[in-house]
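Trainee: Generate coordinates for the entire structure from the input sequences, incorporating the hints supplied.
Here's the letter readout for the chains.
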Amino acid sequence: MNAVVAFPTPAEKTLGDQFRARGATDAGRQSAYAAFSAAGLPHRRIEAWHYTDLRSLLREVLPPAPPPEAAVIAEAKRLVATLPRAEGGRVVLIDGVPWPRLSELDSLAAGVSARPILEAISQNDDTAGLVAAESLGAVESVVSLNAALLQGGVLIDVAAGAVSAPIEVLCIASGTTPAAIYARHYVRLGEGAKASIVERHAALQPTRSQANHVLVMALADGAELQHAAGIDGLGEEALHIGSMLVRLGARANFTSTTLIATRGITRRQAYLDFAGPHARAHFNGASLLDGRAHADTTLVVTHTAPHCESRELYKHVLDAEATGVYQGKVIVRPGAQKTDGKMLSKAVFLGDGATMHNKPELEIFADDVVCGHGATVGALDEDQLFYLRARGIPRAEAEAMLLEAFAEEALDELADEALREEFAGRIAQWLRQRGT
Amino acid sequence: MLEVKNLHVEVDGQKILRGLDLVVRPGEVAAIMGPNGSGKSTLSYVIAGRADYEVTEGEVLLDGENVLAMEPEERAAKGLFLAFQYPVEIPGVATMTFLKASLNAQRKARGEAEFSTPDFMRRVRDAAGKLEIDPDMLKRPLNVGFSGGEKKRMEILQMALLGPRYGLLDETDSGLDIDALRIVAAGVNALRAEDRGFLVITHYQRLLDYIKPDVVHVMSRGRIVKTGDATLALELEKNGYRDYVADAA
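The listed protein sequences derive, respectively, from chains A and B. Under the numbering used here, the letters of the first sequence match residues 1 to 436, in that order. Under the numbering used here, the letters of the second sequence match residues 1 to 249, in that order.
To be clear, the hints were calculated from the coordinates, so they are not data collected in a lab. It should be emphasised that the depicted structure is a prediction, and the values quoted were computed from it without experimental measurement. Backbone N, C-alpha and C fix where the C-beta goes; we use that ideal spot for every residue, glycine too. A few of these clues could be false.
Said to hold, decoys possible - The following residues of chain A were derived to be distant from chain B, with all beta-carbon distances above 12 angstroms:
#1 F19
#2 S37
#3 E69
#4 A71
#5 R78
#6 G190
#7 A400
#8 L403
What the hints assert, rightly or not - Computed beta-carbon distance windows for the label pairs:
#9 R123/B x R85/A: 36 to 46 angstroms
#10 E361/A x I178/B: 49 to 59 angstroms
#11 D383/A x R123/B: 39 to 49 angstroms
#12 D52/B x P8/A: 56 to 66 angstroms
#13 I178/B x L362/A: 49 to 59 angstroms
Mentor: Structural data, given as structure tokens:
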């Protein structure tokens with residue numbers, strides 16, 4: 001048998017040099033790097049990356065972010081001070097590294113703990129399996145790359161039966177120099193635990209950046225997790241990759257809401273596995289894109305166990321020359337009877353140069369299931385606009401009203417009212433800025 | 001005074017209005033009756049400012065000012081109100097939010113102060129009560145899931161709140177049962193005033209039993225072909241539009 005030898009691109013070579021330069025010798029990182037270098041950077045001939053060709057987008061690989069200087073820490077501190085207190089605690093990371101002095105860990109609920117992921121790995125917690133990309137991580141070369149070059153992250157444990165208010169994970173990119181960030185968080189919920197995780201990304205400077213974030217979430221039987229993510233304020237030349245790897249036990253309940261309102265290139269992907277029956281996963285998202293922004297949302301939901309419900313609702317508002325991508329794949333394994341899986345993608349075009357790619361896929365190997373998908377793409381409804389204008393509402397305001405209603409539907413399942421208001425406010429702000 | 005002078009309108013190259021002349025005076029209720037396809041709805045849309053209609057000749061004057069060059073929102077602020085034949089559903093926009101945005105946008109355009117929230121709420125509640133509109137309906141998205149009657153009552157509620165100079169009622173009676181018709185007509189009658197005119201477009205005479213017109217115009221093939229008093233509506237009810245269609249042809 002002939003071995004297939006792929007010649008690495010200059011970018012892949014640089015990543016290899018970076019890996020060797022960090023002198024990582026532990027087996028986990030070694031095998032993660034091996035997995036990455038075997039696959040290489042994903043490119044357009046890899047179906048899941050067809051619309052976001054990382055090989056051509058990542059011609060130049062940025063060096064890993066250096067440790068933050070005092071001025072950066074001071075600025076991060078000022079940023080944190082402007083935020084409302086996080087009810088269930090806040091973990092602050094600067095360029096992927098947890099920063100305990102800026103974090104609020106005293107408000108963590110009983111049965112909830114948060115500690116640096118690198119510490120957990122060195123203590124051989126079962127995190128090691130995930131970080132080594134041997135199980136869930138192996139599905140994607142960018143997830144393997146994340147493990148190989150990992151700079152830090154946080155492990156959050158919610159003990160069986162524990163209940164937590166929203167815990168915020170704030171990832172601050174210093175932007176002092178053009179740099180790459182590799183961070184990974186792991187949220188583990190014990191049986192019947194209830195928690196909420198808010199993932200925030202902020203940049204102190206809109207410098208060129210390449211972020212590769214991974215969030216692993218594992219829910220034991222009967223656990224309930226609300227996840228929310230806000231991707232905002234990145235620069236034109238930013239690349240943000242966020243991967244969610246989710247495993248749900250029996251009767252687990254998972255909801256995820258993502259708001260993308262940024263420039264640059266964003267790839268949000270999720271791989272979710274229904275490992276136990278009667279679980280439920282709802283994904284919602286709104287992407288507001290203008291300029292030449294590009295946002296790709298790709299979800300792969302695997303129904304391994306029967307009687308599970310998956311829902312996906314994604315809204316795109318595309319102005320100027322922005323590009324939106326929605327790819328949803330629902331896989332129903334043999335025996336996953338009574339699966340109920342639905343995907344819906346809706347996009348509104350405001351600019352003539354905007355593009356939307358919709359690719360829903362169903363792979364069904366069980367016969368007693370209900371699965372479906374729908375997609376709409378179009379301009380704002382002229383009848384609705386005329387109705388509002390005939391009542392005296394100026395065109396720009398009427399458009400904003402309709403777009404706000406359109407995008408806000410993606411927030412309907414966000415239980416945290418303060419966060420829902422904040423996201424709704426961000427949508428309104430984006431629409432106002434668009435008008436000026 | 002609302003004047004339509006020699007109005008010619010085309011849609012996709014097809015002539016719909018062919019030299020229409022019409023005057024509605026302050027305090028007057030003018031009815032326009034006519035067979036289907038005579039151009040009644042087109043007239044109301046053109047006055048309100050809907051796109052897709054090409055005015056090839058003529059003008060529409062509100063107190064001497066040509067409104068055809070104005071955006072729909074400017075016309076609304078000047079006091080033109082169209083009660084839609086098919087009110088549009090707007091998912092995700094609460095009725096109350098819409099009402100407030102509409103009222104305040106018009107007031108702002110006229111240089112008037114916006115209403116305070118309590119003042120606004122009181123006005124809405126009063127108007128809704130008169131039209132037997134359940135206050136819970138105001139929390140729902142605009143017109144979404146409303147019955148035909150509820151939608152038409154919502155149109156009249158908007159007219160009551162906005163207090164226009166001229167109200168154009170496009171087939172407001174269509175899809176209404178007799179109770180809803182009575183409520184809607186009472187709502188319109190309550191708004192009749194010396195300084196406010198109405199143009200009531202209807203296919204049937206039934207609505208005019210409840211909203212007594214001062215003038216009745218018969219429209220056929222894009223023109224007013226006969227004008228008379230309220231008895232003209234009764235005559236049409238008896239004889240149909242046959243004579244007028246034949247006349248115009």
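Trainee: Each of the hints needs a verdict: does it hold here or not?
Mentor: Checked hints:
Here F19/A stays apart from chain B, with its beta-carbon at least about 48 angstroms from theirs, past the 12 angstroms limit. Chain B leaves S37/A outside its interface by the beta-carbon criterion, the shortest separation being 48 angstroms against a cut-off of 12 angstroms. A cut-off of 12 angstroms between C-beta atoms confirms that E69/A is not in contact with chain B; the least separation is 46 angstroms. Non-interface status of A71/A relative to chain B is upheld: no Cβ of that chain comes within 12 angstroms, the nearest being about 44 angstroms off.
Distance check on R78/A: its Cβ is at least 35 angstroms (rounded) from any Cβ of chain B, clearing the 12 angstroms threshold; non-interface status holds. Every C-beta of chain B lies more than 12 angstroms from that of G190/A, the closest at about 38 angstroms, which supports listing it as non-interface. At roughly 10 angstroms, the least C-beta separation between A400/A and chain B is not larger than 12 angstroms, which violates its mark as non-interface. The claim that L403/A is not at the interface with chain B is violated, since a C-beta of that chain comes within 12 angstroms of its own (minimum 10 angstroms).
Between R123/B and R85/A, the C-beta spacing of about 39 angstroms keeps the proposed range 36 to 46 angstroms intact. Range check, E361/A to I178/B: about 54 angstroms between beta-carbon atoms, so the 49 to 59 angstroms window is met. Look at D383/A against R123/B: about 27 angstroms separates their beta carbons, and that is not inside 39 to 49 angstroms. Between D52/B and P8/A the CB atoms are about 58 angstroms apart, so this pair conforms to the stated range of 56 to 66 angstroms.
Judged by the Cβ atoms, the range 49 to 59 angstroms given for I178/B and L362/A holds: they are separated by roughly 51 angstroms.
In summary, the structure is inconsistent with hints 7, 8 and 11 from the numbered list given earlier, while agreeing with the others.
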